[in-house]
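> Sequence:
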Amino acid sequence: GRAIISGAYSASQSAALNEIDFLSIQSMGNAQEFGDLTQARWIPASFSSSTRLVTCGGATPTYVNTIDYVTIASTGNATTFTGILSGTRTYFDGHSNETRGLTGGGETGSGKTDTIDLLIIASKANATDFGNLTAARASVVSSGSPTRGLFMGGNTPTVINNVDFVTLATTGNAQDFGDMTAATNYGGAVSSNIRVVYAGGYAPSIT
164 GRAIISGAYS
174 ASQSAALNEI
184 DFLSIQSMGN
194 AQEFGDLTQA
204 RWIPASFSSS
214 TRLVTCGGAT
224 PTYVNTIDYV
234 TIASTGNATT
244 FTGILSGTRT
254 YFDGHSNETR
264 GLTGGGETGS
274 GKTDTIDLLI
284 IASKANATDF
294 GNLTAARASV
304 VSSGSPTRGL
314 FMGGNTPTVI
324 NNVDFVTLAT
334 TGNAQDFGDM
344 TAATNYGGAV
354 SSNIRVVYAG
364 GYAPSIT
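Take any residue in the sequence shown, note its place counting from 1, add 163, and you have its number in our numbering.
Just so you know, nobody snuck in bad clues.
FRET-style restraints, in silico, Cβ to Cβ:
1. 191 - 334: 37 to 47 Å
2. 334 - 287: 15 to 25 Å
3. 191 - 288: 32 to 42 Å
4. 286 - 363: 31 to 41 Å
5. 338 - 191: 34 to 44 Å
6. 332 - 194: 33 to 43 Å
7. 339 - 180: 32 to 42 Å
Everything labelled a hint here was simulated from the structure, so no lab data went into it. Each residue gets a CB set at the ideal place from its N, CA and C atoms; glycine is no exception.
Hey, can you work out the whole structure from these sequences and the hints?
Structure follows, in structure tokens:
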């Protein structure tokens, strides 16, 4: 019943934000304040189960590997995960089912990565290695079903149209799924158990 937005970059303040907002999906209206992250951060990766939202990494502008979580049904400030990501990163994205959360790709501060981290949502433990994307990339977008996660687009730094997929129940490297209609990054995606819809983004080859 809720959509939650956590962390952001404020152009007017030239700074990362620690705000968490929520929207009631069944109604219409403005976002409401949920609470605050434990630290301001921009371009984190987020994923959730039906009860817990997890926000990973981001930049303050210093790149971080910390993880926050909130209980979706309540409001209040985020709590720090006991564990951390396998490395600092921002400009990446996440996908999950009820048990497992994955983050893929990103900018590490010294370059782009193909790392896919695995987190057990209920455990609050350190991320473990899941596998690797088919290419190191930042500004990747992820979505999928409870069984399969897709990682779409991004830049290597060349903007690409690659779509990778992984099976959430296993571990291993991503495989090629197919291609988007345009090389794109900075987009957004949403999914049902059957379809993923990717929209928007920056496509430098399209004028």
